[in-house]
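Going down the list, the sequences are from chains A and B.
Counting from 1, one number per residue, gives the positions in the first sequence under this note's numbering.
Counting from 1001, one number per residue, gives the positions in the second sequence under this note's numbering.
Worth flagging that the hints you see were computed from the coordinates, not collected in a lab.
Check the hints yourself; a few may be wrong.
[Unchecked claim] Under the rule of at most 35 Å between Cα atoms (straight-line distance), these lysine-lysine pairs were calculated in the DSBU-like manner: (1) A:K86 - B:K1117; (2) B:K1212 - B:K1337; (3) A:K174 - A:K22; (4) A:K86 - B:K1230; (5) B:K1212 - B:K1117; (6) B:K1346 - A:K86; (7) B:K1030 - A:K86; (8) A:K22 - A:K172; (9) B:K1187 - B:K1212; (10) B:K1030 - B:K1230; (11) B:K1328 - B:K1346; (12) B:K1230 - B:K1328.
[Stated by the list, open to error] From chain B, some residues computed to sit far from chain A (all C-beta separations above 10 Å): (13) T1003; (14) I1038; (15) A1050; (16) E1054; (17) Q1065; (18) D1176; (19) P1177; (20) K1187; (21) K1230; (22) I1274; (23) P1290; (24) D1329; (25) F1338.
This one's a predicted model, so the numbers in the text were calculated from it and none came from an experiment.
Glycine included, each C-beta is placed from N, C-alpha and C at the ideal position.
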Amino acid sequence: MRYSDEHSLLYGQRETQISRFKAWVLLLVPLAAILFQVYVPLFFRFLAYLELPLIVTVYFALMRRSPIGGLLIGALVGLAQDSLSKSLLGMFGITLTIIGYVAASVGLRLDVDHPLIRLILGFFFFVFHQFIFWVLSRGLLGQQVAFETQRTLVLGLLNAIVAVSLFHFLDKLKERA
Amino acid sequence: METLLNRYRNITVLLLVIFAQLILLAYQVKNDSDVRLIRVWAVTAVTPLARTIEGARGGTEGFLQNYVFLRDTHAENDRMRTELGRLKLENQFLKTELATADRAKALEAFEQRSLSKMIAARVTATAAGASASAVFVDRGSTAGVEKGMGVVTPDGIVGKVLAAYPTASLVLLATDPSFAAGVVSQKNHVRGILKGMGHGNCRVDYVQNEEKVETGEWFYTSGDDRIFPKGMAVGQVTAARPGNPFQEISLDPAGLAGGVEEVLIVMQGVHQEIPDLKTASQAVYVGPPPPAGPNDAQPASAQDASSSGANGAPVLPTDADKIREHYKDIGDAQGHKFGENPPGSKPVDFNFQIKPGDKPPAAKPVPSAKPPAASAAAPTAKPDNQ
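Work out the full structure, taking the sequences as your base and the hints as a guide.
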């Protein structure tokens, strides 16, 4: 078997592994993530560093393995997050659109059910998210914001740990074949 | 063509969606305005939910607290019945103290005490985003809240209204890097700009290195920003060191200490004075001055009532006093009364040399061995005759 055949087979297998969710799951889980982010940090300040909308976007994009679906979920979640934030509409929207697209593309190529892969992806996407947001803030809005590398890496790790646990919980909401 | 589109379908959709959002961003940046409708929808949709959750949480907490409080009261009442009236009064005093310490009452008391018109609001949510330094409060444009209004607590300033929606408002906290307010220090009245640092502390910018700012000093609003009225507490300096080109001053915002739950939105600010610095002015005993001995020589100016201290103690004349005395003598010698001569009258010749005989005796130093009172009572004594 040639490499290209093997690759095509793997690719095909991944496509057949698309997870499906009920409509209410796709609607309520992102909504709950956004509400969590605007409400819970009022009482537990340290939880403000959790990017639940990002984690949820990454999860659905990885599981559905559809780049268009991923980017649309990202765009919607991002715009909703924008509308409840102090930033201009589109900042989180563009960021999560790109994240959703990349996550879905990665989902087609990797076994995203393994916890270690999920941990690495959670970390990577958090750092990537912060980086895109920073680039957009500087490039599009001309804001002189600093990219705090050390802080981002630490928060990335924390978010990745939470992402692994949350992914495990969200796996239970998948529709059974 | 169709095959090409199918092949690059994903990337095409991605670019289209990003492009659409870029246009949205560009519209907001170019017009310097927000796409308000989307935000209004989102906030209006979330506010009732957040309010319900907050209500349920507050109710549960209140029920638990009241239950625990009542149980304590019953137990305390049982004990009180067996105790003396003095203890009852003490208990009453403590209850009053507790009630005064209650946050909401403190807020109300501050609102009544302050000359500015304010309305109370409750924080219902934080703004989305991991590094967001903004919160939502449950008062919006229907309650008269407008963008740009200041938000305070009795302890100090909290932030300013970033956007007012019908049922809620978004408040930018003082710790946000984009926040700025004019401040002035209490002790040396040093002016600067308060800016957030993105975490717990704030900094005061644009203070020259030559100006004196001390650690522990309080900063108050200066009123220059037209957001906060003058005289509201801002915070205490935690560190101040010289920097390039301005001083690096860190400040602990008093209004945000311990988190914010209830706040006051300044509807109409009234400027007030910066409170005076409270120094440790405890009463210090100062003994009476020693009695003048027969050999004590005092300058003539020390004998004047005007040169006595508040408690009648003599005050040593300064250089300015001496010059004033000298010019007064020149004027007297030329028959000129300062402040009384009509316009056009002959001006005083300040180069006039006073002869010993021209000088009024009362203003003359008396290096004699007599007591001051005695020398003042002998105006005819001339140095020439001595």
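Practice task
Please flag the earlier hints that this structure goes against, numbers listed from lowest up.
Solution key: The structure conflicts with hints 2, 6, 12, 14, 15, 16, 18 and 19, although it agrees with all the remaining ones.
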